[in-house]
Amino acid sequence: MSEQPGGTGLVLNEPLLWERGKTGRCGFSLPAQDVPESPLPAELAGEGPDFPDLSETEVVRHYTRLSTWNYGVDSGFYPLGSCTMKYNPKTNERQAGLRGFTAAHPLLPAALSQGALRLMYELERDLAEITGLAAVTLQPAAGAQGELAGMLILHAWQQSRQSVRTKILIPDTAHGTNPASAALCGYAPVAVPSDERGIIPAGVVDSLMDEATAGIMITNPNTLGLFEENIREIARIVHGRGGLVYCDGANMNAVLGVVKPGEIGVDILHLNLHKTFSTPHGGGGPGSGPVAVRRELERFLPVPRVVEEGGAYRLREDCPDSIGRLLAFQGHFGILVRAYAYIRSLGPDGLARVSRLAVLNANYLKERLRGTLPLAFDRPCMHECVFSDRNLQGTGIVTLDIAKRLMDYGYHPPTIYFPLVVPGAIMVEPTETETKEDLDRFVEAIQAIVREARENPDLLKEAPHRCKVTRLDETAAARNPCLIG
Amino acid sequence: MKKAEEIQLPDELRYSVDHEWVRMESGSARIGITDYAQDQLGDVVYVELPSIGARFAAGAVFATVESVKSVSECIMPLAGEVIGVNAALNDDPALLNTSPYGDGWMVLVKPDDPSAGGGLLTAGRYREHLGGAA
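Residue numbers (this note's numbering), protein chains in the order written: chain A, 1 to 485; chain B, 1001 to 1134.
Pulled out of the complex, with its shape left as it was, chain A reads as follows (with noise of 0.2 Å):
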């Protein structure tokens, strides 16, 4: 076998920053006061908040020693399937650290702003033509809160033609937020099974689709990493009985350059900026999620809106039948930067280029663990492949304790028992950038593990052996979760 990133190694143990430092000890020294002394306002004197008086070097080996602890997509492999945790180019945090970017403020006017505002004027078209849709809002902070955004502007679209709906179909393939996005938003969801083959059929859509539906919620490519192929077809029920097709967009980074929504009969679509355009995702975050819409919708998209006169760049307000403000200010700024630069840097050949091989990389694992675990569905997959433990009844052995022994050979875990619609899923997703070596050596580990399994159970059960922290007992920590330090 390869060689295994895992190894073993000292890891340096770090209390809490309470535990650590001593009554003034100081990391810092004020220069010399040279303004007149003022008493404080009352509301703002008092006892301070309770930090600890710390050195400049406890500080700094506080947070090294923390950050040694920790597993990103900068230190391997991190097939995290549904969330896609792309590598991102330190050519995004350059530009993001440009001065004209990071000292810009928002309340500057816009005489002041303009290269912040024609960078999210042409980001917005940019997203536009990536999403073959008209218009396009920055705003929503994350992807959650581009879906309620899209379901406010769905809702805002029914009641501008005096329709009254109350529901709205979500497919069971669906990410996890679309209902509750839908039912923040009022509205109750009606589930759509898939079929067979891991897709929505069109005939159940036809069978659902009623005058009280407003429209349909679905993910595509969807959440089992497969295409909708009968996305046109249901675009036409749904259109033909008064409602709208809202797209989950999380999944774009297997379609970039190759599908535009807006061509296939979606009229509403999110994207997550930390998903598909390479910008920091999880502890880094945070995340950004705009949304796309056909030109008949764009009047409700939140306020205000970039707009471009003459070369000069400023900010709308009037915008009467806008769904309002979703965000202070115009969304997580220096992320739109990054993910301008990310598009811009790769250009429409390069990001067609990123999705193809996403795919190409799905597809292999596909194929090269199909005799190590079952596949949830035999067919060519998109940017993710699922596989389940159901080769492993009869051993004990689950899911969990396969994806907490990978981390024993040095790979964050794989998305686990998630799409709900596999029993023991692992879902996979190698992303772009992964070099064949780096795939042959998780395939190679995924087939280790298997044997394991069916020798020495044991080990799997007790994993993982090699890091800072070993097997959680994660039913008591669910069961009395600690909520406080």
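Note that these hints are calculated values from the structure, not bench results. Careful: at least some of the hints might be erroneous.
In silico DMTMM-like links for lysine to aspartate or glutamate, alpha-carbon gap of 25 Å or less [to be verified]:
id: 1; chain 1: A; residue 1: Lys-260; chain 2: A; residue 2: Glu-129
id: 2; chain 1: B; residue 1: Lys-1003; chain 2: A; residue 2: Glu-455
id: 3; chain 1: A; residue 1: Lys-461; chain 2: B; residue 2: Glu-1005
If the Cβ cut is set under 10 Å, some of the chain A residues that face chain B in the computed set are [to be verified]:
id: 4; residue: Val-398
id: 5; residue: Thr-475
id: 6; residue: Ala-477
id: 7; residue: Arg-479
Every residue gets a Cβ at the ideal spot worked out from N, C-alpha and C, and that includes glycine.
Following the hints, position chain B against chain A.
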């Protein structure tokens, strides 16, 4: 995960295809989830029960069960009014795992139709149904 033959299915109970069991007790119906269901869910960490007096149609969602793996809805096997809930599950949701047919019962229902339980599956038929599902 249990093997098929390890799943306990007491003969005196009736079962639904949605993996609930029903025990008829002098005009009322005690309801819970089957051994198969608790085994599939894994360690249960939270149970949300209905209020006493709530009315449900057959097929309606009457409770949700959260495990370390997922959140699942419990489907009412027969129409009726809730006249009792197992409050012990609030403090000790693990009862659903350790005693699905005993201390882990979920609700007591007064059925709209006292003979409604007759339409449910016997242990044998439910086991056949599991054979298809598993």
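Now for the hints, and whether the structure bears them out:
1. For the given pair, Lys-260/A sits about 8 Å from Glu-129/A by alpha-carbon distance, which is consistent with the 25 Å threshold.
2. The straight-line distance between the Cα atoms of Lys-1003/B and Glu-455/A is roughly 19 Å, inside the 25 Å bound, and the hint therefore holds.
3. Only pairs whose Cα atoms come within 25 Å are accepted, and Lys-461/A paired with Glu-1005/B is accepted, the gap being roughly 23 Å.
4. Taking 10 Å as the C-beta contact cut-off toward chain B, the hint placing Val-398/A at the interface holds, the least distance being around 6 Å.
5. A hinted interface residue such as Thr-475/A counts as satisfied when its beta carbon comes closer than 10 Å to some beta carbon of chain B; here the least separation is about 4 Å, so the hint holds.
6. Because the beta carbon of Ala-477/A sits about 9 Å from the nearest beta carbon in chain B, less than 10 Å, this interface hint is met.
7. About 5 Å separates the beta-carbon of Arg-479/A from the nearest beta-carbon of chain B, less than 10 Å, and the hint is met.
Comparing the model with each numbered hint stated earlier shows that all of them hold.
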